[in-house]
Amino acid sequence: MECRAFVDLIVVAELAELRGEGSTAVAEHVKTCALCAQRARLMLDATAVLSRTLGEGGAREREPAGVRRVLEMGRLAAPGAGAGASAGSRTGGGDGIAWRPRRRFGLAPLLAAAAVVLAIGLGIMGGDGDGLGWPDLNTGSVTQAGDEHGEGLEAPGVELPPGRNAVVFRTSNPKITVVWYYSSQGGP
Amino acid sequence: MKQRARLSAAILAAMVWAFPASAQRATEGAAGTPESVLLRFQIIQADGFTETDASIADVSQVLRELFRFRGYRLAAESVVRVTSGAEFRQTTSDSDGVEYIIEGNAMMRGDGRSDSVRLGVQLYRDRARPDGPPLVHLIQTALTVPVGQTVVVGSARTAPDMPTIILVVRPEAR
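Chains as they are written, first to last, in our numbering: chain A, -4 to 183; chain B, 9 to 182.
Keep in mind that the hints are not guaranteed to be accurate.
Stated by the list, open to error - Quick list of the computed label-pair ranges, beta carbon to beta carbon: (1) A/Ala32 / B/Glu107: 16 to 26 Å; (2) B/Asp102 / A/Gly17: 28 to 38 Å; (3) A/Leu10 / B/Thr99: 39 to 49 Å; (4) A/Glu23 / B/Arg72: 35 to 45 Å; (5) B/Gln69 / A/Leu39: 30 to 40 Å; (6) A/Pro169 / B/Thr41: 19 to 29 Å.
Bear in mind the hints are in silico, worked out from the structure with no lab data behind them. We put the beta carbon where it would ideally sit given N, CA and C, even for glycine.
Here chain A stands alone, though its shape is the one from the complex (with noise of 0.2 Å):
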C-alpha cells in the first residue's frame, strides 16, 4: 500500500495507531515509513497544544454532529517527498483532542456539513529543516479557496505570522468561521 493510502487512514487513525502501538496497518507502517511516522508525530503534537490550548475553555468531550475534522498544512508542495508529496498540502484529520467519533467509518452523512481545519504552523512543523521537504511555513497561511491574492476566496483564509498556530473551524453556519490562535510561547 502507498504512503498516499496511509494519509487517508491517518485521518481516521486512533491515537495508538499514531504512536505506532498494535499491529493495524497504520501502527506499522509508521513503524517503518520515516515520512508517515513524522506525519502521525504532527498529529499527536498538535492533539497535545490543542488539548492543552483548548482545554482552557474546554473542547467538547465528543466531537459536534455535522463536523468533520481535517489537519491542513498551508498550502504546502512536498518537493521531493516521495509518493506522499502531494499530501503535504493536505494530510489527515489527526485525533481532534477530545472529539474523536468512535467509530472510524460512516463519517460520510458528516462530510457535507461542516469541517474543521487544523492551521500547524511553525511551532509545529518544525520547518525546513526536517527532511521531509517542506518548506517553512513563517508566513504559511490557510486558504480555502481562491488565488494567492485571495480573490474569488469562498471562506476566510489565515495568514500565521512565524512562531504563531491557529486552528480554523469551519462551522456548522457555513457563514461562520472560527480561528483560534495559540502560541507555545503563550500570549495573544
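Mind docking chain B on chain A? Use the hints.
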C-alpha cells in the same frame, strides 16, 4: 501617428474578440473593486454567562458546538467604515467600563461580485486591572475575509485571571 493609433485600436479589438472574458474581467476588475468596506466588530466575553444573548445568537451557537465555555455575552461592539488601504482605530467599552481598542488596516480585493477584504486587526484591553499595565494585547490576526462572511477570532487567555475574549469580525459591502 494616425496609423499607429489605428494599429493599436485594431490590436485592442482583436484582443477583445479573441479574449472577451479576459478583457471583461480586466475592465470590471479595474472599475469594480470596492473602495471601502464596513467592518462590524463584536467583542465577546466567554464563560460565566448562562443567559442567551440574542445579539450574538448565531456566533454563540457555533461556539457552543465547538467549546465548552458555559456561555457567551456581548461585551462591546463597534462599526467602522474603512477605505481600502487605510488604517483604522476604534475605542469601545463594556458595561464595566473596561475599554477595548481595535486597530488595524484593510485592503479590498475583488471585482465587485465576489469581494474580499484583507484585514490586519489587533485588539487591546485597556486597564484590565487597576495595578496592571495600561494596555493588554489580546488578539492579533491577519485574515482575508469574503464580504458577508463572519470570522470569530479567539486566543488563549493572556493571564489566568483574565476572561477569555473573542473578537467577531464581519465585513459588509454597504
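Problem set entry | Unsatisfied constraints (hint numbers, rising) | 1, 2
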